Each structure stands twice: as C-alpha cells, then as structure tokens.
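Trainee: Read off the chains here:
There are 2 protein chains.
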Amino acid sequence: ASCRLFYPEAPVKIVRGRGQYLYDEQGAEYLDCVGNVAHVGHCHPLVVQAAHEQNQVLNTNSRYLHDNIVDYAQRLSETLPEQLCVFYFLNSGSEANDLALRLARQYTGHQDVVVLDHAYHGHLSSLIDISPYKFRDLDGQKEWVHVVPLPDVYRGPYREDHPDPAVAYADEVSRVVSSAQEKGRKIAAFFAESLPSVAGQILPPVGYFSLVAQHVRRAGAVFVADEIQVGFGRVGKHFWAFQLQGEDFTPDIVTMGKSIGNGHPVACVATTQAVSRAFETTGVEYFNTFGGSPVSCAVGLAVLDVLEKEQLQTHATCVGSFLMELLRQQKEKHPIIGDVRGVGLFIGVDLVKDEATRTPATEEADYLVSRLKESYILLSTDGPGRNVLKFKPPMCFSRDNAQHVVARLDAILTDMEETLRSCETLRLKRSTGLGCRAAAGREPS
Amino acid sequence: ASCRLFYPEAPVKIVRGRGQYLYDEQGAEYLDCVGNVAHVGHCHPLVVQAAHEQNQVLNTNSRYLHDNIVDYAQRLSETLPEQLCVFYFLNSGSEANDLALRLARQYTGHQDVVVLDHAYHGHLSSLIDISPYKFRDLDGQKEWVHVVPLPDVYRGPYREDHPDPAVAYADEVSRVVSSAQEKGRKIAAFFAESLPSVAGQILPPVGYFSLVAQHVRRAGAVFVADEIQVGFGRVGKHFWAFQLQGEDFTPDIVTMGKSIGNGHPVACVATTQAVSRAFETTGVEYFNTFGGSPVSCAVGLAVLDVLEKEQLQTHATCVGSFLMELLRQQKEKHPIIGDVRGVGLFIGVDLVKDEATRTPATEEADYLVSRLKESYILLSTDGPGRNVLKFKPPMCFSRDNAQHVVARLDAILTDMEETLRSCETLRLKRSTGLGCRAAAGREPS
Chain A
1 ASCRLFYPEA
11 PVKIVRGRGQ
21 YLYDEQGAEY
31 LDCVGNVAHV
41 GHCHPLVVQA
51 AHEQNQVLNT
61 NSRYLHDNIV
71 DYAQRLSETL
81 PEQLCVFYFL
91 NSGSEANDLA
101 LRLARQYTGH
111 QDVVVLDHAY
121 HGHLSSLIDI
131 SPYKFRDLDG
141 QKEWVHVVPL
151 PDVYRGPYRE
161 DHPDPAVAYA
171 DEVSRVVSSA
181 QEKGRKIAAF
191 FAESLPSVAG
201 QILPPVGYFS
211 LVAQHVRRAG
221 AVFVADEIQV
231 GFGRVGKHFW
241 AFQLQGEDFT
251 PDIVTMGKSI
261 GNGHPVACVA
271 TTQAVSRAFE
281 TTGVEYFNTF
291 GGSPVSCAVG
301 LAVLDVLEKE
311 QLQTHATCVG
321 SFLMELLRQQ
331 KEKHPIIGDV
341 RGVGLFIGVD
351 LVKDEATRTP
361 ATEEADYLVS
371 RLKESYILLS
381 TDGPGRNVLK
391 FKPPMCFSRD
401 NAQHVVARLD
411 AILTDMEETL
421 RSCETLRLKR
431 STGLGCRAAA
441 GREPS
Chain B
1 ASCRLFYPEA
11 PVKIVRGRGQ
21 YLYDEQGAEY
31 LDCVGNVAHV
41 GHCHPLVVQA
51 AHEQNQVLNT
61 NSRYLHDNIV
71 DYAQRLSETL
81 PEQLCVFYFL
91 NSGSEANDLA
101 LRLARQYTGH
111 QDVVVLDHAY
121 HGHLSSLIDI
131 SPYKFRDLDG
141 QKEWVHVVPL
151 PDVYRGPYRE
161 DHPDPAVAYA
171 DEVSRVVSSA
181 QEKGRKIAAF
191 FAESLPSVAG
201 QILPPVGYFS
211 LVAQHVRRAG
221 AVFVADEIQV
231 GFGRVGKHFW
241 AFQLQGEDFT
251 PDIVTMGKSI
261 GNGHPVACVA
271 TTQAVSRAFE
281 TTGVEYFNTF
291 GGSPVSCAVG
301 LAVLDVLEKE
311 QLQTHATCVG
321 SFLMELLRQQ
331 KEKHPIIGDV
341 RGVGLFIGVD
351 LVKDEATRTP
361 ATEEADYLVS
371 RLKESYILLS
381 TDGPGRNVLK
391 FKPPMCFSRD
401 NAQHVVARLD
411 AILTDMEETL
421 RSCETLRLKR
431 STGLGCRAAA
441 GREPS
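Listed in order, the protein sequences are those of chains A and B.
FYI, my numbering numbers position 318 of the first sequence as 318, with every residue one higher than the one before it.
FYI, my numbering numbers position 311 of the second sequence as 311, with every residue one higher than the one before it.
Any given hint could turn out to be false.
When chains are identical, the list treats them as one kind, so a pair holds in a single copy or across two.
To be verified - Here are the simulated DSS-like cross-link-like pairs (lysine-lysine), alpha carbons at most 30 angstroms apart as the crow flies:
| # | residue 1 | residue 2 |
| --- | --- | --- |
| 1 | K373 | K331 |
| 2 | K237 | K331 |
| 3 | K186 | K142 |
| 4 | K331 | K142 |
| 5 | K333 | K353 |
| 6 | K237 | K142 |
| 7 | K186 | K331 |
| 8 | K183 | K142 |
| 9 | K13 | K134 |
| 10 | K134 | K186 |
| 11 | K353 | K331 |
| 12 | K142 | K353 |
Because the hints were derived from the structure by calculation, they are not lab data.
Predicted model only: the values in this text are computed from it and were never measured.
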C-alpha cells in the first residue's frame with residue numbers, strides 16, 4: 001500500500017479514536033488538532049449508530065426510491081440559499097469537484113477554469129489540472145486553466161495596508177478573464193475554496209467573492225464554492241464558509257465532502273435548477289453506484305443532527321475566538337508568529353523567520369510540529385512555505401484543549417528562543433558558526 | 001436529488017434487503033437478479049458487524065499506520081498474480097479507473113488510450129472520455145481516445161463461425177494502435193472490462209487479452225483490466241475474470257470497485273512495483289481522504305472472509321452453470337432468445353426479433369423486464385440495443401431462485417408468443433394492423 005504518513009520518520013500507530021482524541025497502541029492519548037474529517041468527533045456514537053441501523057436494514061444504490069435521500073436533500077437545502085436546491089450525492093470531495101466541473105461546462109458551454117494560486121481541489125486527473133498546488137510539480141499548466149493570485153492579505157500583492165484588497169484581488173480575476181478571452185478562451189467556472197486551506201488557511205477579504213462572481217458571470221462562467229474542508233459550521237458564525245462573504249453572495253455550485261459524513265465516504269454537489277437542467281438535457285444520466293445510498297444519507301443526517309443537538313456551530317465560534325485570542329497573545333510574545341488568522345475552528349498561525357520580510361519559517365514550523373507530537377498534540381503545517389500551523393480540529397475541541405495546546409506551544413517556542421540565544425552567545429564567544437545546532441534541529445534529549 | 005430510477009413509470013420503493021431479496025414498503029419480497037454490488041448478499045450480518053465494530057473504535061485516514069490496510073493489501077495480493085503487489089485504496093470504481101489512467105500515463109510517458117466499443121469505465125470527466133457508451137451521446141471522441149471493436153462473437157464482425165476470433169479481434173487492436181502511431185500518437189493504456197458488461201455481457205474469446213497485451217506493450221502501453229463489475233469470484237472458476245483468459249496473462253493494472261465492499265464505498269487499484277515506482281518518482285503524493293480507512297478495509301476483509309467461509313465462488317460456478325443450462329433450454333423453446341452466454345453468475349440473454357438478422361428485440365426486452373417485476377423479480381437489460389437480459393445477482397443466488405426466474409421467464413415468453421399469434425390472426429381477419437397492441441405493449445390487466 002502506498003500512503004504518505006504524518007511524521008514519516010516516527011509514524012504514529014493510532015488504534016482508537018473518541019471525540020477530539022486519538023489513542024496509540026500503548027494507550028497514549030493524542031489531542032487531534034488536525035482531524036477535520038471527524039467533524040463531530042471521532043466515532044461519535046450517534047453517527048456510528050445511524051450507520052449501523054441502516055446497514056442492517058438496507059444499503060443499495062439510488063435506482064430505487066428511498067426516504068433517506070429525500071430527507072437528506074431536504075435538510076441540506078435548509079442550510080443553503082434557496083436557489084441551491086438540486087443535490088447530487090457522491091463518495092468523495094474529489095468526485096464532487098469533478099461533477100462541479102462537468103456541470104459548469106455543460107451549463108456554460110465553455111471549457112476553461114479560473115483558479116486561485118496554490119489551490120487544491122482533489123486527486124482526480126481533472127482536478128490536478130485545476131490545482132496549482134499539484135500541477136506545479138507535475139507537467140505544468142493546461143491551456144484551459146487560468147491562475148489568479150491568492151487573496152492573501154498577509155503574503156499576497158495586496159496586504160492589510162491596502163485600502164481595498166477585495167476590489168484589488170477581484171480586479172486581478174477580471175484581468176485574467178479578459179486576457180483569456182482576448183486569446184479566444186471561454187471561461188466555464190471560477191473555482192475556489194471558500195477559505196483556501198492547503199494554501200495556508202487564508203481568509204479572502206469580505207466582498208471578494210461577490211465581485212469575482214460579477215466578473216466571471218459577465219464572462220458567462222459560474223462560481224463554484226468548494227466547501228469540502230470548511231463547510232458544516234466549522235466557521236461558527238455561519239453554516240457555510242462562503243456566507244462569510246455577505247448575504248448578497250450565492251455561488252452557483254457548492255461542493256461538500258470530508259466532514260459531511262464524519263469519515264464515512266459521502267460527498268455532495270448542490271446547485272441551481274438552471275445548472276442541473278442544462279446537465280439533464282444532455283440525456284446522459286449521472287449515476288453513482290454508492291452515492292446517495294441509504295447508509296450514506298443516514299450518516300449525513302446523523303451528522304446534521306449532532307451538529308444541532310450539541311450546538312457545535314456556536315461552540316466553534318466560542319472556542320475558536322478563545323483560541324484565536326490565546327494565539328494572538330502568543331504573537332505578542334514570540335516574534336516567530338507573524339500572523340494569526342481564522343474564524344471558528346479554522347485557524348492558521350503563520351510562522352516567519354523575520355517580521356519585516358515575512359520569510360516562511362519552514363524548518364521551525366516542522367520542528368514545532370514534531371515537538372508538539374512529543375507532547376501528544378497532533379498539529380500539521382501547510383501553505384506554499386509549509387510554515388502555517390493549521391488548526392482544524394473536530395468540532396468538539398474544547399476551551400481546555402485550546403489552553404493546553406497554546407501552553408505547550410508557548411513552552412516550545414520559549415525553549416526554541418532560548419536555544420537560539422545560547423547558540424548565538426556561543427557563536428559570539430567562539431567566533432564560529434559551527435558546533436551549534438540550529439533552532440530547527442532536534443535537541444538532544 | 002437527481003437520480004434515474006429503475007422502472008421510472010412505476011418505481012419501486014425498497015426499504016429492506018437480505019441475501020438475494022429486497023422488500024418494498026408493503027413487505028413484498030423481490031428476487032434481486034441485478035444487485036452485483038451486494039456481492040455476498042444484502043446486509044450480510046458479518047459484513048455489517050465488521051463495519052460496526054471498526055466504526056466504534058476508529059475511522060480515520062491513512063495518515064497514521066493501521067493494521068487493517070496492511071492486512072487487506074496482503075489478503076488481496078494472495079488472490080492476484082505475484083507481480084500485482086502494490087495497492088491503492090479509494091472510494092469508488094470511478095476513482096480507481098481515474099487513478100489507473102494517471103498511473104498508466106506516468107509510467108509510459110504517453111497520453112492516449114485504447115478502449116473497447118460501448119465500454120463504460122465510470123462517471124468522472126476523464127472516464128467519460130474513455131467510455132464510448134457515454135461520449136457517443138455527448139460531445140464526441142477526444143483525439144487521444146481510440147476505439148476498437150468489441151470482441152463480441154455473437155454481434156461483432158468476427159463471430160462463432162470465425163476460425164480464430166481472438167486473433168482477429170486482437171489484430172483490430174494492433175491495426176488501431178499502428179494507425180494511431182502513424183499519426184504521431186503514443187498509447188499509454190489499453191482499458192477493458194475483463195467481461196464487458198454495459199456492452200451486453202460479453203465474453204471475449206480466450207487468448208484475446210494475451211494477444212492484445214502483446215500488441216499494446218510493443219507500443220509502450222500497459223494493459224488495464226477493469227474488474228469493477230466482474231471480480232471477486234463472480235465468474236466462479238476464478239477469483240478474477242481476467243484469469244479466464246489463461247494462466248499466461250497478467251494485466252499491468254487491475255481496478256476493483258462495486259462488489260469489493262458489499263455496498264460500502266471501497267475501491268482498489270492493484271499494480272506492479274514498476275508502475276507504482278514511476279508514479280512515486282513524480283514526488284507528488286497520492287492521497288485519498290477516505291480511501292484505505294480502517295472501516296473500509298475492515299469491510300473489504302469481511303467480504304473476503306464471507307466469500308471463503310460460504311464458498312461463494314464454487315457456489316457461483318454451480319448455480320451459474322445450472323442457470324445457463326435452464327436458459328439454454330429456453331433458447332430451444334423461444335425463438336426470441338438469440339444467445340445465452342455467461343460464466344458463473346455473470347450471464348446475458350440476448351433477445352432478437354429475428355434469428356437470422358439478430359436485430360435487437362429492445363421493446364420486447366423492456367416489456368419482459370416490466371412483466372418480471374410484476375412477478376417480483378428484478379432484472380435489467382443492457383447492451384447497445386438494450387436487449388440483453390443481465391443476470392448479475394448477489395452471489396448467494398440459489399438453484400431454486402434460478403428455477404423460479406426461468407419458470408417465470410418461460411411463462412411470460414409463452415404468453416408474449418400467444419398474444420403475438422392472436423394479433424396476427426386478428427390482423428389477417430380484419431386485414432388491418434390497427435386495433436391490436438404489439439407484443440411489446442403492456443397487456444390489459
């Protein structure tokens with residue numbers, strides 16, 4: 001089996017999970033700050049029970065009528081703007097984004113796609129083509145793909161000091177679309193994660209999506225909001241991350257995955273009647289063997305039930321704000337923390353070698369993650385510089401968990417700074433750079 | 001929700017399944033002759049239990065080590081030729097075929113694909129491109145796709161009277177490959193279902209795959225055997241349908257789906273170390289969020305256990321041969337049955353309007369299916385003419401079930417013949433074609 005592990009040099013063998021905790025073979029308890037797929041908590045008993053009950057009774061494809069699929073579509077529609085009322089069920093976020101691409105192309109009659117720089121939309125051929133995060137390392141950019149700057153106000157061309165970064169970044173999209181059109185290209189879709197995650201936990205400036213939607217719709221294209229990593233209440237204030245962009249904004253297509261089934265392979269595409277009708281007129285049916293099975297729908301419904309019952313959306317707001325506050329205090333204390341950004345339980349801590357240049361502190365981030373693991377805290381890094389600590393824990397992550405992680409973070413950063421200081425003292429004394437391990441190196445134990 | 005139903009005019013609402021039976025809201029029991037996904041039987045208790053046990057303990061992604069994925073890869077490898085020793089786990093047959101395409105392209109450095117006519121390999125953008133069954137109705141054939149004749153000895157260019165159809169059909173592949181090469185195209189892969197199913201339950205002549213593999217490997221391409229519909233012992237004699245082609249034949253890539261998890265979204269790609277190594281050297285990891293999760297692997301393992309414990313492969317041989325024998329008796333009796341073909345529990349009954357022309361009896365097949373449904377028997381049709389009755393039931397399908405279905409089939413065909421005869425008598429009497437419903441029409445009840 002081929003798989004890339006977390007901590008490849010000292011992989012963790014997890015045998016059990018519960019809530020926000022994972023347990024290894026020796027019974028050691030790890031706090032999971034990464035596991036966004038286990039949205040309502042690892043092995044949530046209500047979700048497990050729902051799967052089991054339905055598995056015992058019926059699990060077949062959607063060739064027959066079944067109440068679950070109707071109920072589930074109904075429940076999802078209640079969370080979305082009214083226009084998004086047609087649902088396709090699938091098995092993975094990748095399948096959802098691939099279908100979104102097909103829907104967009106069929107509806108618009110166009111082929112091209114505009115994507116954000118560093119975006120990742122899935123592991124399928126068609127999605128690697130629209131994922132700069134992937135295709136940059138492979139055989140490059142297809143002629144039908146157009147990349148626009150990531151609307152990153154910390155590292156991008158328009159930053160926190162810009163008077164209106166939303167307009168500025170949206171104008172970049174307009175420029176790219178126009179230039180493509182001048183070459184005779186026709187845009188089918190603008191694809192974006194509502195909060196770009198692999199790109200480094202980015203929050204696009206409010207208003208950006210509305211402006212982009214105007215620009216791309218003028219070109220005959222649709223707006224696809226990829227909510228695979230960020231949907232289902234993670235952002236706290238709203239059920240969907242695109243809703244952070246304002247009430248006036250509605251995507252034409254929304255894709256869902258990961259958290260939707262708490263680990264069970266479920267995914268969904270929501271779209272408008274107009275888009276779906278254009279797809280149906282091809283006469284080519286869309287059929288997905290497992291998609292929308294009674295079990296997948298039962299699991300999806302259970303996740304919605306738990307979110308509601310345990311008020312996890314509100315919880316995400318409270319705990320998320322608390323964690324952000326603690327992390328901002330750390331920023332005051334540790335110069336390596338260049339930026340703390342986030343909303344709800346979607347948070348990024350951008351580590352820099354230098355506050356002025358904002359050079360990504362890649363090795364330091366890597367070191368920090370491995371030190372946290374020694375403290376039984378699972379955290380990961382991302383972003384083009386792999387220097388952004390990503391918080392995207394199960395939604396039951398608590399205030400105590402937040403306090404605990406930040407305390408450990410503080411201790412390790414303090415330790416790193418001390419090591420660095422003694423290195424420098426030593427270096428000054430010996431007038432040599434040798435003989436001292438970098439702060440990013442592992443300390444002797 | 002958008003879904004195409006079986007029996008769109010009088011859809012069935014199934015609420016429960018067990019073994020080879022499905023039950024509707026009123027408690028009526030239907031015999032399922034279609035449900036190949038429920039491979040070891042609907043809601044098999046051992047499979048359901050395995051899922052539940054693992055769901056309660058841990059269901060996370062393959063970023064951490066877990067025994068299940070290792071055990072499962074090991075067990076699968078025992079069913080395959082030694083060379084096929086690297087496994088990728090995914091969520092659907094479509095994801096598997098898409099990965100097979102990426103693997104083939106990476107390994108060969110080529111782009112093009114040769115496929116059988118009428119083939120269907122999945123619902124993703126990349127797979128619609130290599131599925132004549134789909135792209136014929138859409139925007140047509142991509143320049144990198146090359147279609148070869150279906151090796152169908154009943155309807156294809158080389159038939160049962162040909163001295164060596166395997167050679168003749170393989171030569172067609174060789175011709176298509178050469179002609180593509182002359183245009184400067186480079187072939188990455190030959191894709192085929194080991195037994196083409198949507199194309200009409202076709203059994204390629206023995207030896208065909210070996211010859212094709214020789215031809216395409218000479219062109220630098222790999223052979224991909226799609227076992228999504230036909231693997232896991234369905235053919236009885238062998239665990240994999242490609243093994244019907246002889247001991248000397250080994251594909252470079254095998255894709256699995258549908259039956260692999262008895263309805264749970266699981267899929268797999270098996271390939272050689274050489275192919276996998278070429279993929280890894282890109283430095284781009286393959287990651288699939290749900291693929292290879294402890295639950296998916298537990299379910300996959302349970303399916304293998306049940307197949308073994310209940311000796312379902314041997315069972316498929318016995319019941320399949322018995323059903324074939326009964327169907328061949330029907331062929332002697334009813335001229336509408338043009339051909340009965342199959343192996344194990346993969347059987348096709350090709351209905352013709354006329355024995356000489358072999359014109360597909362499309363409406364008659366459709367009528368037959370709706371009459372069988374009234375007898376609580378679920379059967380479907382396929383093939384380019386939608387005139388082939390497809391038997392691909394859960395593997396626990398019994399001799400009694402076979403006898404029951406064939407008895408009903410006999411009664412309905414006899415009835416259709418009588419109606420046809422009285423229509424003709426009537427028509428002769430009245431000298432008019434009006435006033436009588438075609439045999440394919442529904443009779444008044």
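Trainee: Taking the hints in turn, state whether each one holds.
Mentor: Do the hints match the structure? See the list:
In the homo-oligomer, the alpha carbons of K373 and K331 lie at most 30 angstroms apart inside one protomer (21 angstroms), although the nearest pairing across protomers, at 69 angstroms, exceeds that limit. Taking the closest pair of Cα atoms, K237 and K331 come within 30 angstroms of each other only inside a single copy of the chain (24 angstroms); across copies the shortest separation is 67 angstroms, beyond that limit. Taking the closest pair of Cα atoms, K186 and K142 come within 30 angstroms of each other both inside a single copy (14 angstroms) and across two copies (19 angstroms). In this assembly of identical chains, K331 and K142 lie within 30 angstroms of each other by CA distance neither inside one copy nor across copies; the values are 41 angstroms within and 54 angstroms between.
Within a single copy, K333 and K353 get their C-alpha atoms as close as 15 angstroms, which meets the 30 angstroms cut-off; across copies the closest is 85 angstroms, which misses it. Within a single copy, K237 and K142 get their C-alpha atoms no closer than 37 angstroms, and across copies no closer than 46 angstroms, so neither meets the 30 angstroms cut-off. Taking CA atoms no more than 30 angstroms apart as the test, K186 paired with K331 passes in neither setting, with 45 angstroms inside one copy and 55 angstroms between copies. Proximity of K183 and K142 under a CA criterion of 30 angstroms is satisfied in both settings, with 14 angstroms inside one chain copy and 22 angstroms between copies.
For the identical chains of this complex, K13 and K134 are intra-copy neighbours only, at 28 angstroms inside a copy versus 43 angstroms across copies, given an alpha-carbon limit of 30 angstroms. Taking CA atoms no more than 30 angstroms apart as the test, K134 paired with K186 passes in both settings, with 23 angstroms inside one copy and 24 angstroms between copies. Taking CA atoms no more than 30 angstroms apart as the test, K353 paired with K331 passes inside one copy only; the shortest distance there is 13 angstroms, against 80 angstroms between copies. Taking the closest pair of Cα atoms, K142 and K353 never come within 30 angstroms of each other, the shortest separation being 35 angstroms inside a single copy and 49 angstroms across copies.
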